[in-house]
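**Q** Protein chains in written order, with our numbering: chain A, 1019 to 1160; chain B, 1019 to 1160; chain C, 1019 to 1160; chain D, 1019 to 1160.
Just so you know, these hints were derived from the structure itself, not from any lab. Since this is a predicted model, take the numbers as computed values, not measurements. Hints are not guaranteed to be accurate.
What the simulated footprint calls covered on chain D by chain B, stretch by stretch (three residues with Cβ under 8 Å from a Cβ of chain B suffice, anywhere in the stretch; the number is not a length) [claimed, not checked]:
#1 1020–1027
#2 1052–1059
#3 1125–1135
The following residues of chain D were derived to be distant from chain C, with all beta-carbon distances above 10 Å [stated by the list, open to error]:
#4 G1030
#5 E1036
#6 S1045
#7 E1049
#8 D1083
#9 G1095
#10 T1102
#11 A1114
#12 A1115
#13 I1157
Ideal Cβ placement from N, Cα and C applies to all residues, glycine included.
Number of protein chains: 4
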Amino acid sequence: MAIPKMSVAELGEFLRVEFPQTFALGSVIIERADGGSCRLRERFSERMLRPGGTVSGPTLMALADCAMYVVLLSAIGPVGLAVTTNLNINFLRKGAAGQDIFAEARLLKLGKRLAGGEVTLLSGTSTDPIAHVTATYSIPNQ
Amino acid sequence: MAIPKMSVAELGEFLRVEFPQTFALGSVIIERADGGSCRLRERFSERMLRPGGTVSGPTLMALADCAMYVVLLSAIGPVGLAVTTNLNINFLRKGAAGQDIFAEARLLKLGKRLAGGEVTLLSGTSTDPIAHVTATYSIPNQ
Amino acid sequence: MAIPKMSVAELGEFLRVEFPQTFALGSVIIERADGGSCRLRERFSERMLRPGGTVSGPTLMALADCAMYVVLLSAIGPVGLAVTTNLNINFLRKGAAGQDIFAEARLLKLGKRLAGGEVTLLSGTSTDPIAHVTATYSIPNQ
Amino acid sequence: MAIPKMSVAELGEFLRVEFPQTFALGSVIIERADGGSCRLRERFSERMLRPGGTVSGPTLMALADCAMYVVLLSAIGPVGLAVTTNLNINFLRKGAAGQDIFAEARLLKLGKRLAGGEVTLLSGTSTDPIAHVTATYSIPNQ
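The following block holds chain A by itself, in its conformation from the complex (with noise of 0.2 Å):
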């Protein structure tokens, strides 16, 4: 197991200054993060539904990014600004309306230049996935 960098209280307060729009207002919360994964949680809220009271795909999407973002962090610390190269979605059940949505997020690489990972979404206390996400960051020289 890696040594996180970043405990999840100094990685809610870097996200809070730098993505004041995602979690300041606090609806996504760190639950955990280990320097090799992590997991989130965004509270419900009405904004996420799109026609027929499904969670909507851009939500999914921003949720699973920040997931990967933060299970980085944890890995090499607040040391420059990281960006996603790629990421792969694959939508595979409908989320529920009023359930909090989850992310667990792991690493699968982490080298000098690039680092990969996977994202696992769920609604509610459901084990089914609700979407399945691969993402590749570039990380910058030092």
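On the provided structure of chain A, position chains B, C and D as indicated by the hints.
**A** Relative to chain A, chains B, C and D alone:
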């Protein structure tokens, strides 16, 4: 060239009702939609930006998803709720602060059950894409 | 746990007939298939290598595609010709020359029309994946 | 238009040495490569087919990967070993038995560390693509 099943005016009206969060505010405009391709413009807003002043990934993913939906509606009409099954995005360049974003989508395949397309995302007047997206939609039985 | 519709022996026999180029030579072996996941082994061969002595991308993509097909057959039985609609692969590390390759696939979703899964590719006895794949299959009407 | 760093003849010679399994047999031919795009032809062979008489997925993935490598070499010259980091393929239509396959690749981005591009795969003389690929290459430090 395909004959569009919905005009730009009909698409705009449909989307303002179905996706009020995205379309009611007038920040996203359908410039063209012809049954095989479409072009959207999203007006610049500070909310698009991430730290460093570049356009955020979720902003681009949401606009691309929207453009794919518009070109699909333009091709098949408002006949039930198509859902995205896969979306893949490659982030290529930084979108400039202060510039509107454009999404140019075209259908690569329109089958009975699945439709696929690609979207090129552009910033301001530059012809170098800032991101490239492919997406697949599942079309419900009518 | 799902009940497999085909045993490992039945899968092997089916694939030797249907995919003689891949399976008749005995280079790919089904180690396990249980209706929800499977594990394949591909014996090392010089033909797998690209310059520099690493395992080639096409070798890994072909094995991953095959593993997804095996787990799907194991889940639904030999009921018509499912086809891949999307495959996304992230190459993570170099596969070592001289080592067998393993593909561990599991279904993420099994719907009536679409199935999705992920495949982890491993080299020899290392637990660090050399590549990660997600794929979607379209299931024909029966 | 970019000035190619290698001519078609130089590319062919380089690839026959570096990728003898693919290029030495003459089944894949570089028809054009200009530093920003390229076009390859793969002669039809029974080995391409899967059950049902359609062109197999691995055949298309291998040719697309190859086309991306050719356009990249054409742009940067034979300067070290670039490696694919991500490849995403959407299968759109069946490739017809008996027809040659064509891969038309173009660079979407050529950075110092990463290059991205797309490949359209065609069967015979049809203009409807049978598959569409995006790929990212990591370029080693020179």
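**Q** Run every hint past the structure and note whether it holds.
**A** For each hint, the structure was consulted:
1. Interface restraint, the region 1020–1027 of chain D with chain B: violated (0 residues with C-beta to C-beta distance below 8 Å; minimum three).
2. Evaluation of the coverage hint for the region 1052–1059 of chain D: breached, as 0 residues show C-beta separations to chain B shorter than 8 Å, against a requirement of three.
3. Remark: the region 1125–1135 of chain D is confirmed as covered by chain B, as 3 of its residues place a Cβ nearer than 8 Å to a Cβ of that chain, reaching the required three.
4. Distance to chain C confirms G1030(D) as a non-interface residue, since its nearest Cβ pair spans about 16 Å, more than 10 Å.
5. The claim that E1036(D) lies off the interface is violated: its Cβ sits roughly 5 Å from the closest Cβ of chain C, which falls inside the 10 Å cut-off.
6. For S1045(D), the non-interface assignment is confirmed: its Cβ lies about 14 Å from the closest Cβ of chain C, beyond the 10 Å cut-off.
7. Consistency note on E1049(D): stated as away from chain C, and its beta-carbon is indeed over 10 Å from all of that chain's, at 21 Å minimum.
8. Interface exclusion of D1083(D) from chain C breaks down, the closest Cβ pair being 5 Å apart, not more than 10 Å.
9. Residue-level check passed: G1095(D) sits 16 Å from the nearest beta carbon of chain C, beyond 10 Å.
10. Against the 10 Å criterion, T1102(D) falls within the reach of chain C, whose nearest CB is about 5 Å from its own CB.
11. Here A1114(D) stays apart from chain C, with its beta-carbon at least about 15 Å from theirs, past the 10 Å limit.
12. Every CB of chain C is more than 10 Å from the CB of A1115(D) (nearest about 15 Å), matching its label as outside the interface.
13. For I1157(D), the condition that its CB be more than 10 Å from all CB atoms of chain C holds, with the nearest at approximately 14 Å.
Hints 1, 2, 5, 8 and 10, counting from the list given before, are not met by this structure.
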